Structure formats: C-alpha cells, structure tokens
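Participant: Letter by letter, the chains look like this.
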Amino acid sequence: MSGGRSKAVVLWGLTVFSLVLLSFPTLIIIGASFTSGDIIRFPPEGFSLRWYERLWQLDSFKDALLRTVYVSVVCTLVSIPAGTLAALGILRYRIRFRRSLQVYLLLPFTIPLVVSGLGMLIFFGELRILGSLWPVGVALCVINLPFMIWAVSASANALDSELENAAANCGAPPVVVFFTVTLPAVMPGVITGALLMFILAFNEFLVSLFLVDSRIVTLPVQIYNSIRSVITPDLAAVSVVYILIAVLAVWLLDRLVGLEIFLRSK
Amino acid sequence: MVEIRDVSKAFGDVLAVDDASLALPKGEFLTILGPSGCGKTTLLRMIAGFIRPNAGEILINGAAVDNVPPYRRSIGMVFQRLALFPHMTAAQNVAYPLKMRGFDPVTIPDRVSEYLRLVRLDGFEKRRPQELSGGQQQRVAIARALSFSPDLLLLDEPLSALDKKLREEMQLEFRRIQQELGVTTINVTHDQREALVMSDQIVVMSEGRIQQSDSPEAVYRAPSNRFVANFIGLTAMFKGAVEVSGDGGILVRVGDTALKARAQGELGNGTAVDCALRAEQVRILDDPANGDATAFENVVTGEVRQRIFEGDRMVYEISVPALADAVLFAFDHDPLHHAEHRPQSQVKLGWNARDFFAFPSDRT
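Protein chains in written order, with this note's numbering: chain A, 17 to 282; chain B, 59 to 422.
Note that these hints are calculated values from the structure, not bench results.
None of these values were measured; they are calculated from a predicted model.
Where is the CB? At the ideal position from N, CA and C, for every residue including glycine.
Each hint should be verified, as a subset may be incorrect.
What the hints assert, rightly or not - Restraint ranges, calculated between C-beta atoms of paired labels, are given here:
1) B:LEU292 with A:ARG271: 57 to 63 Å
2) A:ARG108 with B:GLY326: 33 to 39 Å
3) B:ARG234 with A:ARG108: 52 to 58 Å
4) A:LEU123 with B:ASN119: 16 to 22 Å
5) B:ALA68 with A:ARG114: 18 to 24 Å
6) B:ASP383 with A:PHE113: 55 to 61 Å
7) B:GLU183 with A:THR31: 29 to 35 Å
8) A:ARG110 with B:GLY120: 33 to 39 Å
9) A:GLY147 with B:ASN112: 27 to 33 Å
10) A:PHE113 with B:GLU183: 42 to 48 Å
11) A:PRO128 with B:ALA68: 46 to 52 Å
To be verified - Simulated coverage check for chain B against chain A, where a stretch passes if three residues somewhere in it have a Cβ under 8 Å from a Cβ of chain A:
12) 132 to 140
13) 143 to 155
14) 347 to 360
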C-alpha cells in the first residue's frame, strides 16, 4: 500500500505545483493592484483602493473600456447567426465542397494573427471604413468564428436529425422547423459560443492593434500603450477588472448551460 | 385510401425499393414485414414524403403526392427513435402539430387532453420526454401523431426498442387505438408476431421487392414463395426434386424418400424444389396423444439432435437420414407431462401433404 501512498503524494505535489504556477501571475497582479505605493511591486506596500479610484477617474481607460464592450457586443451579435448557421450547414446538409468549407472556416484560426491583422487593415482601408469602431468587432468575429462553430457543432452533433423530420411530419414548414426545433436544441452550444466570443473579443489585442487608431483605441491596446511609458499600479487594477469579467462569464456559463456541457464541447 | 404504383428507389447502385405496388382501403391496418435492409423503411419514408421515389407514384386519397412536401401531407408518424421534442413537455409535444396545422388555439388544450387520455397519459401533461418511461414516451409519440386527426398513420418500428412484455402490451394498445379511431395505418416491422397480431393485411418484403401481400392468415397458411415460408414461423427448409406431378398433389423425392407435398407454383416432373415444413405441423408419433402413423401421409424416422426448453413448449431439432440428413423442427406443447426425447434418441415423425410446401427452387 505504501506504493499507492507515495504515488498519491507525488500526484498531489504535482497538482499543487501546477496550480500555484498557473495562478501565480494572477495572484501577484491582484495583490499589486491594492498597493498604496506608486509603483507595481509584490508584496504590495500597504492596502488601498486608490488605483481603482484613479482608474474610474481616468477617462481614457473608461472610454477604452466602453469601446471594448461595444466591439465585443458587435462581434458576438455577428457571430451568433454566422456561426450557428455555418455549423448547422456544414453538419446537416450535403453541401458541395463540404470538406474544403470546413477547413476554410477553421482556417482563420490557423493563420497567424499578424497576417490576419495586416490583411484586414488593407481590406478595411480599401473599403474606407478604417477608423470606425464596428469593423473591429466584425474583424474579431472573423478571426474567432471557429470557436463559435465548434461550440454549436458540439450541440448539433448530439441532435437527432429525426427531430426535424418529426416536426415536418407535424406540419411545420422548414423555417418554422428551424426556429421551433433545431434552434432550441442547439441553444446550449449557441450560448456557450456567444459567451466565448464575447470574452475572446474583449481580450483580443493583436488584430485590434492594427485596426484602431488613437481616437478609437480599445482597452487591451490602451494598456499596451500605457506600459510603454510608465508602469503604474492602475494597470494592475485594470487587469483585475479583466479577471473579474472573465470570472463573471464563467459563472454565467455555468448558470445558463452548465459547465459540464461546456467542458464536454471542447 | 393509399395506393402505391410501381414505386422504385435507388441509393447509388443499391436498389432499396424495386417496383413496389400496394393498395390499402380506408380504416385498415397494414404491416410491411421484412428483415432489416429489405427496403420497408424506405417505402414508409417515401409515403411520409422524406424521400422521393425515382419512379412510380404514391396516391393518398386518390391524389398523387409526388410534389407535396411532408408538412402538407395529412400523415401522422410514430418514429423508430420516437423523436419527441426534448425541450417541450408531453402536452406541448401533442399540441405542436395542432399549432402547426392551424387549429383554433381555443380548442387546442381540450384536444391535447383528449388525446393524452386516449393513450392513458392523463396526469403526465407537464413531464418532459426524459422524465417519462419508455412505454410512456411511446404513448406521447402516438398522441402526437394522432392529435390532428391525420388521414393516415405511419409506424416506423416504434416498438422495436421495447422489452418483450412491454412490446406485446403496446401491440395490443396500438391495435385498440387504431380500431377506436378507425385511422388507416401502415406499420413497418421485422417482428412476425407483431405483424400477425396487429394487421388486417401483411406485405412481406425482401431485397426491395414485395414478396406477398395478403391477410395474416393467408400469408401464414399459403406462403407464395420460399422466402415467405422461411421468414414466417419456425420452418424447416430442404431441397428435393419433383418425382410425380399430378392433379391435387405431387410426390417429391428428398434423399431416399418420396414425400407427398403441396405444389406452390407450376411444377413439372424433375423440377428442383425447395420444401418448407412448419414445426407445428410435424407430429412426434412416439407421443401417444399424437395418434398413429396411419393418420399421416408422410412418416419418417429421425434422430434428436437438440432440444430447447421454452417453458410453454419444447422445440426439437431432428435430423432425418432418409431425407439426406435434413433437419426438421417439431414442438411438444406439454413438455411438463410428456416424456422428453433425449438427444441421439430415435423418433418417428408424421405430417400431411397439405402442410408441406414445395416451391420451385431459386436458380442460385
């Protein structure tokens, strides 16, 4: 039995070590954001909320946050119909070039973001829409759409295709079948995907860097700009705000569809 | 009511349904019976409108339905996997076709409870399919298929997933509801018992073709070919050749023995035949209750190879050397009080010509 015991000790040791390693940067940032000093350091000097207060007063951060929310909402709203229909289309219908289409829809994810960013910079420039905020949301939707498609596919895979025949047999024309039977059945996947898209867009940095200018800068870009000058604890405070939003999203996910479904879909 | 004329359907190179025709009068219960892969489900799905035939015509109430999509056909269907809507309650499932087919919303709740009562599910309105037992889900599916009073009800092997006892209970339940409502019904199954118990008419299918179409008694009593004889009932099949062909009866030589048989089809002297003999028509003459050898036109002696005790009967497998070692089946319907015949023991078997079918052999 001692063999089993030492195995348990090693496994527990590894687990604790990994957890500490993974959460270490986060813990340091959270700690540092409550400092009362003027520079980021750990352990923090004293305790205060002054950097959070300052964050609230800093219009540049507040505006950047609102812009990021706007961009994320645009991204999510575009991705819901696009990703849902793409996933169902690929899965349920005998489309010509189905295989190639599948690869293509996952491709944005395999192209380096730098390349995507540059491409979209040129494309949006040609369309003369560079400098507006909504195209950034659309761009983020394009690069992250595979996540949405995966999430919906996972739900749609579990769906019995006979349900749609049954609905037709009950007298429902195709469009009604979609809204009354197909869509409710893949709803967990749609919710999962939508939340994922929101969070991904909320955090996205590289492609945004290409597409925003100083008038429409988003929060991740704003943070990046700030660390190039002086690193002050308000950056730590911003990071904590980020973490809170991510936690909120996970909590929402759990309430809406249950984490098991989400974890199984990946 | 329903008429199918020369319908064919191929998937790629595979001919799933080959030139099928049948007619079903209003109010009758028809079963399409056949092994899996015989094309019976394809035929049913063509009637429902999910698949389009390559050739031929399907008529419902005298009108061709080729260009009518499934949702415009007045057909209720109970699916093999039931396909109840998982996000709706039992009552919502039953109400769905009513909403879709434009029933007056005021009347829908009454109709829903009427049909849930018909399938004896009153009190389960608010349950979702996952919260119901297999038998209860069946009943919801039946209520959903019938609530809008369709012209035609289709059953796609809905009972195949149930255990034996529940299945037999639901067979009678289906029959009761069908007769109560007088709805024209087409059922698909591979279960011969189900077909015999439930139907007014049985269509036996094999390899995409309709083999025989008749009442259950007729299909059982007078199988039209080798396949039907072999598929329905516990039937011994063996090969022989016609020795004497005359009016009324023929003599078939099997191994060293000439047997009196009933010809199914034109059989001249020397024709190779497949012989079919049902287990319940074979009497074991050693059992005193079964009479003596003089009562039977064909009598042979065989050796018991195996005996299978099924509770209400014993099934014997008996090998007969005089018939080129053909294996016959015989029942003993009172195994608890009769002496059993052990393997290797010799038994005398008798049967009559009218129960012994000879079919022209397949070329293969």
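Participant: Hint by hint, note whether the structure agrees.
Facilitator: Comparing the hints with the structure gives:
Under the hint 57 to 63 Å, the C-beta atoms of LEU292 (chain B) and ARG271 (chain A), about 59 Å apart, fit the expected range. Between ARG108 (chain A) and GLY326 (chain B) the Cβ separation comes to about 57 Å, which falls outside the hinted range of 33 to 39 Å. Taking 52 to 58 Å as the suggested C-beta distance range, the pair ARG234 (chain B) and ARG108 (chain A) does not conform, at roughly 38 Å. Between LEU123 (chain A) and ASN119 (chain B) the C-beta distance comes to about 52 Å, which lies outside the given range of 16 to 22 Å.
Range check, ALA68 (chain B) to ARG114 (chain A): Cβ separation about 23 Å, and the 18 to 24 Å hint holds. Distance hint for ASP383 (chain B) and PHE113 (chain A): a CB-CB separation of about 60 Å, consistent with the stated range 55 to 61 Å. For the pair GLU183 (chain B) and THR31 (chain A), the supplied restraint of 29 to 35 Å is violated, since their beta-carbon distance comes to about 49 Å. The beta-carbon spacing between ARG110 (chain A) and GLY120 (chain B), approximately 34 Å, falls within the hinted interval of 33 to 39 Å.
Distance hint for GLY147 (chain A) and ASN112 (chain B): a CB-CB separation of about 58 Å, inconsistent with the stated range 27 to 33 Å. As the Cβ distance of PHE113 (chain A) to GLU183 (chain B) is approximately 47 Å, the hint placing it in 42 to 48 Å holds. About 48 Å separates the C-beta atoms of PRO128 (chain A) and ALA68 (chain B), a value consistent with the hinted range of 46 to 52 Å. Taking a C-beta to C-beta cut-off of 8 Å, the segment 132 to 140 of chain B contributes 6 residues in contact with chain A, enough for the three needed, and the coverage statement holds.
With a cut-off of 8 Å between beta carbons, the segment 143 to 155 of chain B has 5 residues touching chain A; three or more are needed, and the interface restraint holds. For a cut-off of 8 Å, the count of residues in the segment 347 to 360 of chain B with a CB near a CB of chain A stands at 0, and the three-residue condition is violated.
Of the numbered hints given earlier, the model fails hints 2, 3, 4, 7, 9 and 14; all others are met.
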